[in-house]
Amino acid sequence: MAFKSFREYLWFETEKRRDFVNITPQIEALIQKSGIQEGLCLVNAMHITASIFINDAEDGLLQDFDRWLEELAPHEPVTNYKHHLTGEINGDAHLKRTIMGREAVIAVTEGRLDLGPWEQIFYGEFDGRRRKRVMVKIIGG
Amino acid sequence: MAFKSFREYLWFETEKRRDFVNITPQIEALIQKSGIQEGLCLVNAMHITASIFINDAEDGLLQDFDRWLEELAPHEPVTNYKHHLTGEINGDAHLKRTIMGREAVIAVTEGRLDLGPWEQIFYGEFDGRRRKRVMVKIIGG
Amino acid sequence: MAFKSFREYLWFETEKRRDFVNITPQIEALIQKSGIQEGLCLVNAMHITASIFINDAEDGLLQDFDRWLEELAPHEPVTNYKHHLTGEINGDAHLKRTIMGREAVIAVTEGRLDLGPWEQIFYGEFDGRRRKRVMVKIIGG
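Protein chains in written order, with this note's numbering: chain A, 1 to 141; chain B, 1 to 141; chain C, 1 to 141.
If you are wondering where the hints come from, they were derived from the structure by calculation, not from laboratory data.
Listed next, the in silico DSS-like pairs over lysine-lysine satisfying Cα-Cα at most 27 Å (straight line):
hint : chain 1 : residue 1 : chain 2 : residue 2
1    : C       : LYS82     : C       : LYS132
2    : A       : LYS4      : B       : LYS4
3    : A       : LYS16     : A       : LYS132
4    : B       : LYS82     : B       : LYS16
5    : C       : LYS4      : B       : LYS4
6    : B       : LYS132    : B       : LYS82
7    : C       : LYS132    : C       : LYS16
8    : C       : LYS16     : C       : LYS82
9    : C       : LYS33     : C       : LYS4
10   : B       : LYS33     : C       : LYS4
11   : B       : LYS33     : A       : LYS4
12   : C       : LYS33     : A       : LYS4
13   : A       : LYS82     : A       : LYS16
14   : B       : LYS4      : A       : LYS33
15   : B       : LYS33     : B       : LYS4
16   : A       : LYS82     : C       : LYS16
17   : B       : LYS132    : B       : LYS33
18   : C       : LYS82     : B       : LYS16
19   : B       : LYS132    : B       : LYS16
20   : A       : LYS16     : B       : LYS82
21   : C       : LYS4      : A       : LYS4
22   : B       : LYS4      : C       : LYS33
23   : A       : LYS33     : C       : LYS4
24   : A       : LYS82     : A       : LYS132
25   : A       : LYS33     : A       : LYS4
Build the full structure now, drawing on both the sequences and the hints.
What follows is the structure in structure tokens.
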């Protein structure tokens with residue numbers, strides 16, 4: 001096989017401060033556009049208060065994630081974060097994104113996303129209402 | 001080098017609800033089977049209540065992980081999880097797997113797993129007693 | 001493109017038990033040294049009490065991370081860790097590294113690190129004062 005590479009960005013601007021967006025269909029479409037049959041697909045948030053993760057597309061579970069992240073890395077009191085001395089108030093978003101992860105690496109097989117039956121790829125936003133990018137880099141043959 | 005790709009699954013069915021299984025020898029064998037000398041090996045749980053992670057093969061530490069995950073994402077009270085309105089009672093397993101991670105990407109060098117001296121690859125099960133798959137995808141030359 | 005592969009190690013010995021080191025310039029230099037134009041770069045801690053993660057190079061935030069990790073995985077009481085029956089006292093470091101992550105996979109585009117505007121690559125040390133290695137493996141064309 002000849003080695004090939006493909007890159008494209010996805011853009012997001014969520015209306016809510018925190019949100020989860022299922023981006024599996026968009027990633028699947030980019031893999032087909034790339035023409036790569038066998039390889040690896042890297043999907044990563046390019047902003048450090050957002051996340052890419054893989055889990056179940058079940059609304060109750062997504063609400064559980066949101067409640068749990070707020071327990072582990074609470075937004076309040078905002079005086080708790082030294083980062084806020086810069087004028088930002090998104091310290092918690094940096095921590096939440098760390099729990100959920102920056103990136104997912106996914107197998108590409110026979111020109112398709114090679115996922116388990118319930119695996120869905122999510123964009124996790126923890127400091128929304130601004131435009132942010134996600135990198136999709138696919139390499140293979 | 002010519003570009004090559006290899007995929008195989010590992011299957012697990014743990015007797016306990018939560019368990020850790022050292023799968024380093026199985027991954028090493030698959031790398032040799034692939035014939036790939038230089039590249040990257042992706043190992044990921046294909047189920048969203050299980051994990052692949054790399055840490056120390058020390059029994060006390062694995063017990064520490066288990067105790068700690070139960071503190072950060074407790075199984076009880078099961079009424080705490082909106083996910084359980086679906087009839088599932090594994091909300092905690094989704095959270096625990098998120099802490100431990102879905103995947104590991106490991107270097108392949110001279111036809112071998114290129115790990116540090118204490119790095120061992122583990123399958124982490126958080127909702128066991130059912131058959132689950134792990135993906136091993138190796139790309140390189 | 002012809003497929004190529006490159007590996008090199010970085011060595012660290014921090015003076016403090018816990019520390020964060022921005023290694024972005026070193027990774028950028030290795031990508032240029034590799035001659036790889038399009039591909040993926042894996043950076044992983046080879047020791048299981050250290051981490052590679054990507055976040056903001058802002059001192060206040062790094063202090064927030066340190067405080068938060070000590071809350072989620074406290075060093076004391078050391079009697080809390082079964083791992084310490086081996087004579088080690090770094091059980092917390094294994095857990096902290098798990099939160100922050102073992103590895104980052106980063107896109108390489110046109111011979112450069114393909115990062116978002118604030119993404120910086122950090123080495124996270126949680127049990128320092130000893131020499132430790134980081135793997136940099138770059139594959140592509």
